[in-house]
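What follows is the residue order along each chain.
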Amino acid sequence: MALKHSVSGFLADRYDMETATGFLRKQAGKRLPPHTSWLHVFGSLSLLLFISQTITGIMLLIYYRPTPDEAHKSIQYITAEVNYGWLYRQIHAWGATLMILAVVLHMTRTYFFGAYKKPRELTWVSGVLIFIVTITFGFTGYLLPWNQIAFWATTVGTESANKIPIIGEWLRYFIRGGDVVTGETLSRFFVVHVIILPWALTGLIAVHLFLMRATNLATLEPVGEEKPIEPKHGIPFFPVHVCKESIVAVLLLAVLVTLSVLAPWEIGEPADPLVTPEHIKPEWYFLPSYQLLKYFEGPYGAFFGIVACSVPFLLLFLWPFLDRGKHRHPKKRPIAVGIGLVGLIGALVLGYLGHVSETEQTFFGTRYHIDHYGVPHRVADKSRDEGE
Amino acid sequence: MSNRFLGNTEMNEPTPQPTRRSFLDWVIGLFSAVTVGAMTIPALAYFWPAAKGGKGGDVEVKEAANLKPGESAIVQLQGKAAIVRRDASGLVAYSAVCTHLGCLVKWDGARKEFLCPCHAAVFDASGRVVSGPAPAPLPAYKVKEVSGKVFVSTT
Ligand code: HEM
Ligand code: FES
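Protein chains in written order, with numbering that gives the first Met the number 0: chain A, 0 to 387; chain B, 0 to 154.
Honestly, the hints are just simulated from the structure, not real lab data.
Just so it is clear, the structure is predicted and the values come from calculations on it, not from any experiment.
Take the hints with a grain of salt, since some may be wrong.
What the hints assert, rightly or not - Listed below are the simulated DSSO-like cross-link pairs for lysine-lysine, each with C-alpha atoms no more than 30 Å apart in a straight line:
(1) A:LYS280 to B:LYS61
(2) A:LYS72 to A:LYS231
(3) A:LYS226 to A:LYS325
(4) B:LYS105 to A:LYS280
(5) B:LYS111 to B:LYS148
(6) B:LYS61 to B:LYS79
(7) B:LYS61 to A:LYS293
(8) B:LYS105 to A:LYS72
(9) B:LYS105 to A:LYS293
(10) B:LYS79 to A:LYS72
(11) A:LYS226 to A:LYS293
(12) B:LYS141 to B:LYS67
(13) A:LYS325 to A:LYS231
(14) A:LYS117 to A:LYS293
(15) A:LYS280 to B:LYS67
(16) B:LYS111 to A:LYS293
(17) B:LYS79 to B:LYS148
(18) A:LYS280 to A:LYS25
Said to hold, decoys possible - Calculated Cβ distances over 12 Å to all of chain A for the following chain B residues:
(19) ILE27
(20) GLY28
(21) MET38
(22) GLU70
(23) GLY78
(24) LYS79
(25) ASP86
(26) HIS99
(27) GLY101
(28) LEU103
(29) PRO116
(30) PRO134
(31) VAL142
All residues carry an ideal CB built from backbone N, CA and C; glycine is no exception.
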C-alpha cells in the first residue's frame, strides 16, 4: 500500500495524472450496445492470439535458423532438445490456425450485424487489411520449417503469381528472390514473417481499435438513427464484457494446450528441390482458392482463375460502399444476408472439395475416389488399377 | 499581405500572384521530392534479386553419363530441374518443371509419359500436353555426348 502511494505520489508530482486516469476510466466504463453478446468476443480473441503468436514467435526465434541447411534441423532441435520447445512450437502452429479462424468469425459477425455501415466503413476496411495480413502471416510462416510439403506448396503458390498478366513473371521472381524457390525465398519469407508483418499488423490493429473506440460499437438501429447508448441499457465494457473476454481467454489457453498435446503438427521431411511429393495441398485457409483455381484451365484459364480468386477480396473491401441499405438488423437485410451466406457456404464447399480431392472416401458404405475436380467416382471392388 | 492575418475584411484582393512564400513552398516541395526519390530508388533496387549463375550454355550432367536405355535421371541445370533419359535413339532432355504450377514431373517408363504428381498433368515422350491442366508443353533441351561426357544446353 505504502509503495503504491509513494509511486502514485511520485507520478502525480510530475505528470498530469488526472487526465491519464480519467481517460482510462472513461474507456473502461464505456457502455456497449445492449445486444453485445458472446458473438462480440472474436475481435479480442484475434488480438489475444496475435499477442500469443508474438510471444511464442519471439521464443522460437531464439533457436530457429532461416537457411536451407539449418531451418529443418533447428526446428527438430527446438522440438526434441529445447526445454518445452515442442510446446511453444505447437502453440505457435495451432495459434496460427486459430487466429485465422478468429479473424474470419469476427468478420462474419460484423457482416451479419451490419456493423460495417456508415460511419464504420473504414473500421471494416482496416479489418479486411488485417485479414489479408493474417493470411500472409500463415503463408510465410508455413515455409519456415523448410519441409517437403511447405517447399512444394510454396512453389505452387508463388507460381500462381506468374499467371497475373504483365507483372506476373516479375512478381514471382521478386517474391521468390529468383526463378525457383531457394534459400533466397526462405530469407525473404523469414523477414516478412518476423519483422514486416508483425509491425504492419501492430499498426493496423492500432488504427482498427482507435476507429472502433471513436464510433463505439454499432447498435442494431438503422444508419442515421443510432441513439447514444443510455447507461441504464448499455452493457459496461468493464466488468461485464471484459469478464466474457477473460473466460474466452482461459478457454483459448486450454484449447491451445490440448491441441498441442493431442494433435501435434508434424515437422515432415526436409525439403528436396528435386522430388515433388504426392498430394501436396495448402493449409486449410487456402483450400477454397486452391480448389477454385482448378476449374479454370486452358491458355487463359489461369488468368481467369486469378480474377475469380481476387474478386471476393475486392468485394470485401468495397462492400460497405456497395451496400447502401440503412438497416442493420439481419432480418431486415435479406439480400445482404443471402449474399453473405452464399459466399460463406461457397467457401466452405470449395474448401471441402479441395480437402477431399484426390483421396478416397466412404459415403454410405460405398468407396469413392474423389478426383482432382472433387467429382466422386465409385471404386471397383478390385483394387485400383495403379500400384503403390 | 498581412490583412488576411489581421482580420481585415476587405475582400477585393486581386487573384494571388506568386509570392515569396509560395515560391519557397514550391522549392521545399521539389527538394523533398528529390530527396525521397533519391532514397527510394536505390532501396527498391536493393530488394530486386541479384542475378545468379551463368545464363545458358552447355552444362555437364554427370548423372546422365551412365544411363541405360529406358532409364532417366532428374538433374539440376543452373538451378532448374530437368529430366534426362536415354531412349532408342539416344539421350534426350526436357525441363522437369510442370508448366501448370511448377511441380516436378516424373518419367513413367511403362506408359512412356511424363506425369505430374500435383494436379495430374500428363505429357507425352516429346513433352506435348496429353491431358490435365498444363497450358504448354515441356521445353526440350539440346543434349550432346562428347567422348562419354554428357552436356545439356538450356538455351
Ligand atoms: C508476430 C510475431 C511472429 C513471429 C516473431 C513469428 C515467428 C515465427 C518463427 C521463428 C517460425 C519458425 C518456427 C516454426 O516453424 O515452428 C514461425 C512459424 C510459423 N508462424 Fe509465425 N511468427 C509470428 C506471428 C505469426 C502469426 C500472426 C501467424 C499466423 C496467423 C504465424 C504463423 C506461423 C506458421 C503457420 C508457422 C509454421 C509453423 C510450423 O509448421 O512449425 N506466425 N513463426
Ligand atoms: S503443377 Fe503439374 S499439374 Fe499442376
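Each hint tested on the structure:
no.: 1; hint: A:LYS280 to B:LYS61; result: violated (34 Å)
no.: 2; hint: A:LYS72 to A:LYS231; result: violated (60 Å)
no.: 3; hint: A:LYS226 to A:LYS325; result: holds (15 Å)
no.: 4; hint: B:LYS105 to A:LYS280; result: holds (19 Å)
no.: 5; hint: B:LYS111 to B:LYS148; result: holds (25 Å)
no.: 6; hint: B:LYS61 to B:LYS79; result: holds (16 Å)
no.: 7; hint: B:LYS61 to A:LYS293; result: violated (38 Å)
no.: 8; hint: B:LYS105 to A:LYS72; result: holds (28 Å)
no.: 9; hint: B:LYS105 to A:LYS293; result: holds (21 Å)
no.: 10; hint: B:LYS79 to A:LYS72; result: holds (25 Å)
no.: 11; hint: A:LYS226 to A:LYS293; result: violated (49 Å)
no.: 12; hint: B:LYS141 to B:LYS67; result: holds (19 Å)
no.: 13; hint: A:LYS325 to A:LYS231; result: holds (26 Å)
no.: 14; hint: A:LYS117 to A:LYS293; result: violated (38 Å)
no.: 15; hint: A:LYS280 to B:LYS67; result: violated (35 Å)
no.: 16; hint: B:LYS111 to A:LYS293; result: holds (26 Å)
no.: 17; hint: B:LYS79 to B:LYS148; result: holds (20 Å)
no.: 18; hint: A:LYS280 to A:LYS25; result: violated (49 Å)
no.: 19; hint: ILE27; result: holds (28 Å)
no.: 20; hint: GLY28; result: holds (26 Å)
no.: 21; hint: MET38; result: holds (18 Å)
no.: 22; hint: GLU70; result: holds (16 Å)
no.: 23; hint: GLY78; result: violated (6 Å)
no.: 24; hint: LYS79; result: violated (7 Å)
no.: 25; hint: ASP86; result: holds (21 Å)
no.: 26; hint: HIS99; result: violated (8 Å)
no.: 27; hint: GLY101; result: violated (4 Å)
no.: 28; hint: LEU103; result: violated (4 Å)
no.: 29; hint: PRO116; result: violated (5 Å)
no.: 30; hint: PRO134; result: violated (5 Å)
no.: 31; hint: VAL142; result: holds (19 Å)
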